[in-house]
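Novice: Chains as they are written, first to last, in the numbering used here: chain R, 1 to 227; chain S, 1 to 227.
It should be emphasised that the hints constitute simulated quantities derived from the structure, not laboratory data.
Remember, predicted model here, so these are calculated numbers, not experimental data.
There may be inaccurate statements among the hints.
Heads up, the list lumps identical chains together, so a pair's fine if it works in one copy or across two of them.
Claimed, not checked - Derived lysine to aspartate or glutamate pairs resembling EDC-like cross-links, with alpha carbons at most 20 Å apart:
no., residue 1, residue 2
1, Lys161, Glu216
2, Lys23, Glu86
3, Lys212, Glu180
4, Lys152, Asp91
5, Lys152, Asp88
6, Lys152, Glu138
7, Lys152, Asp79
8, Lys158, Asp91
There are 2 protein chains.
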Amino acid sequence: MNKKAVILLSGGLDSTTCLAIAKEQEYDLYALTVNYGQRHAFELEAAKKVAQTIDVKKHSIVNIDLAQFGGSALTDDIDVPKDRDESDMTDIPVTYVPARNTVFLSMALAWAETLGTTDIFIGVNALDYSGYPDCRPEFIESFERTANLATKAGVGGKQFKIHTPLIHLTKAEIIRKGIELGVDYGMTTSCYDPQENGDPCGRCDACTLRLKGFKEDGLEDPLNYLG
Amino acid sequence: MNKKAVILLSGGLDSTTCLAIAKEQEYDLYALTVNYGQRHAFELEAAKKVAQTIDVKKHSIVNIDLAQFGGSALTDDIDVPKDRDESDMTDIPVTYVPARNTVFLSMALAWAETLGTTDIFIGVNALDYSGYPDCRPEFIESFERTANLATKAGVGGKQFKIHTPLIHLTKAEIIRKGIELGVDYGMTTSCYDPQENGDPCGRCDACTLRLKGFKEDGLEDPLNYLG
Numbered sequence: 001m002n003k004k005a006v007i008l009l010s011g012g013l014d015s016t017t018c019l020a021i022a023k024e025q026e027y028d029l030y031a032l033t034v035n036y037g038q039r040h041a042f043e044l045e046a047a048k049k050v051a052q053t054i055d056v057k058k059h060s061i062v063n064i065d066l067a068q069f070g071g072s073a074l075t076d077d078i079d080v081p082k083d084r085d086e087s088d089m090t091d092i093p094v095t096y097v098p099a100r101n102t103v104f105l106s107m108a109l110a111w112a113e114t115l116g117t118t119d120i121f122i123g124v125n126a127l128d129y130s131g132y133p134d135c136r137p138e139f140i141e142s143f144e145r146t147a148n149l150a151t152k153a154g155v156g157g158k159q160f161k162i163h164t165p166l167i168h169l170t171k172a173e174i175i176r177k178g179i180e181l182g183v184d185y186g187m188t189t190s191c192y193d194p195q196e197n198g199d200p201c202g203r204c205d206a207c208t209l210r211l212k213g214f215k216e217d218g219l220e221d222p223l224n225y226l227g
Numbered sequence: 001m002n003k004k005a006v007i008l009l010s011g012g013l014d015s016t017t018c019l020a021i022a023k024e025q026e027y028d029l030y031a032l033t034v035n036y037g038q039r040h041a042f043e044l045e046a047a048k049k050v051a052q053t054i055d056v057k058k059h060s061i062v063n064i065d066l067a068q069f070g071g072s073a074l075t076d077d078i079d080v081p082k083d084r085d086e087s088d089m090t091d092i093p094v095t096y097v098p099a100r101n102t103v104f105l106s107m108a109l110a111w112a113e114t115l116g117t118t119d120i121f122i123g124v125n126a127l128d129y130s131g132y133p134d135c136r137p138e139f140i141e142s143f144e145r146t147a148n149l150a151t152k153a154g155v156g157g158k159q160f161k162i163h164t165p166l167i168h169l170t171k172a173e174i175i176r177k178g179i180e181l182g183v184d185y186g187m188t189t190s191c192y193d194p195q196e197n198g199d200p201c202g203r204c205d206a207c208t209l210r211l212k213g214f215k216e217d218g219l220e221d222p223l224n225y226l227g
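Let's have the full structure, built from the sequences with the hints guiding it.
Specialist: Given below as structure tokens:
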């Protein structure tokens with residue numbers, strides 16, 4: 001019997017690659033998608049497609065209304081920035097969602113403990129979007145410590161492990177790894193401000209970084225960009 | 001202008017006292033109730049009544065379906081234990097909900113950051129229910145550290161403070177403090193397995209500890225117990 005792992009899956013490029021890596025490591029996959037009231041709810045459809053294709057044991061979609069708290073361009077009526085150079089992406093951007101990864105990881109922790117496993121995967125990345133504090137290794141390590149103190153499993157001597165296989169990779173390296181593993185990036189979505197039909201804008205930070213990654217690999221992004 | 005605080009409010013005796021203490025400390029009160037699919041959803045009605053009476057600035061009720069993960073007598077089809085002596089309550093009980101306080105505190109953190117405050121109150125108690133790992137000071141301290149690493153506010157140099165004014169008090173001391181502050185415990189509910197109309201069973205661990213607390217204070221619990 002394989003070990004179980006809970007994988008946070010947004011339906012984006014990073015989390016999809018992370019899921020494929022957990023599969024390569026022969027875990028039984030329990031994908032967790034959090035619907036937190038994001039403007040780009042098209043992600044949810046992508047997550048469902050990815051979970052089906054990569055053949056997870058179970059896909060849970062949990063609704064949490066972070067939007068009612070406001071404070072982010074992803075949940076609020078704040079404009080998503082467009083056409084920024086990567087060099088402008090060093091500050092914490094308005095697309096930061098307060099405490100998002102803490103909320104996501106706690107939900108993953110709750111599910112993992114119920115499943116009787118201690119393995120959790122999250123596709124955070126410390127290179128791109130260096131502005132997000134909850135994508136840094138020091139945050140992940142601290143959450144791991146907290147998880148071990150928080151849970152019946154942890155005080156019983158088990159050690160939770162938050163796997164972050166992408167944390168030190170560039171976008172181009174992530175894409176290369178995914179392609180190796182047979183990921184079809186046509187299923188994924190990264191755009192913060194997509195069209196009604198899900199087509200990406202090509203101009204928000206997420207699109208800019210994604211397009212640059214494919215370009216560096218000498219590949220073409222299978223998505224259908226506007227314009 | 002007063003400082004703002006987010007207070008986790010279940011509608012139980014502890015969190016209601018905690019809210020009254022935050023009010024005494026002259027915070028503007030932002031009460032957060034998480035509806036996590038608990039069997040004792042009557043709590044939500046109690047939380048609303050308490051929030052109105054103690055006059056909070058805002059009361060947010062967030063739905064999170066922890067019940068879909070299962071694994072606890074509070075969310076699952078597992079019997080709530082009855083008629084246990086306090087001496088039997090040392091192990092982690094079946095009413096433990098995996099990672100519950102981690103989930104609750106992350107939601108409180110998300111709201112606090114959006115409100116621009118760093119003060120969060122939670123009515124955990126390390127004496128009663130010593131079996132719950134996420135009620136211990138070492139868990140709270142670790143969560144605080146994680147919160148400071150997780151957030152824009154934290155990396156910006158602000159320090160989140162998780163206030164736990166009840167952590168070292170006995171149930172009798174908590175009740176005495178609440179009575180001093182004018183809390184009407186008739187509004188609160190503690191029972192894990194109440195009747196349809198909300199009346200407490202008087203026999204689960206929560207009822208047992210609550211009744212003992214009132215008795216030690218020489219007071220009568222205003223609730224209408226079965227039997």
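Novice: Indicate which option fits the pair Lys152, Asp91 if close means a Cα-Cα distance not exceeding 20 Å: within, between, both or neither.
Specialist: between (38 Å within a copy, 10 Å between copies)
Novice: Tell me, please, which holds for Lys212 and Glu180 at an alpha-carbon limit of 20 Å: within, between, both or neither?
Specialist: So Lys212 and Glu180 pass the 20 Å test inside one copy only (19 Å; across, 63 Å).
Novice: When no copy is named, should Lys152 and Asp88 be tagged within, between, both, or neither for a Cα gap of at most 20 Å?
Specialist: between (44 Å within a copy, 17 Å between copies)
Novice: Check Lys158 against Asp91 for me: Cα-Cα at most 20 Å, and say if that holds within a copy, between copies, both or neither.
Specialist: Cα proximity of Lys158 and Asp91: across copies only (17 Å, versus 37 Å in one copy).
Novice: Within a copy, between copies, both or neither: which one fits Lys23 and Glu86 at a CA-CA cutoff of 20 Å?
Specialist: For Lys23 and Glu86, the Cα distance exceeds 20 Å both inside one copy (31 Å) and across copies (46 Å).
Novice: With 20 Å as the alpha-carbon cut-off, assign the pair Lys152 and Glu138 to within, between, both or neither.
Specialist: The answer is between: 14 Å across copies meets 20 Å, while 24 Å in one copy does not.
Novice: For Lys152 vs Asp79, is the C-alpha pair at or below 20 Å within one copy, between two copies, both, or neither?
Specialist: between (43 Å within a copy, 19 Å between copies)
Novice: One pair to classify: Lys161 and Glu216, alpha carbons no more than 20 Å apart. Within, between, both, or neither?
Specialist: Neither: 32 Å inside a copy, 44 Å across copies.
The structure does not agree with the numbered hints 1, 2 stated previously, though it agrees with the rest.
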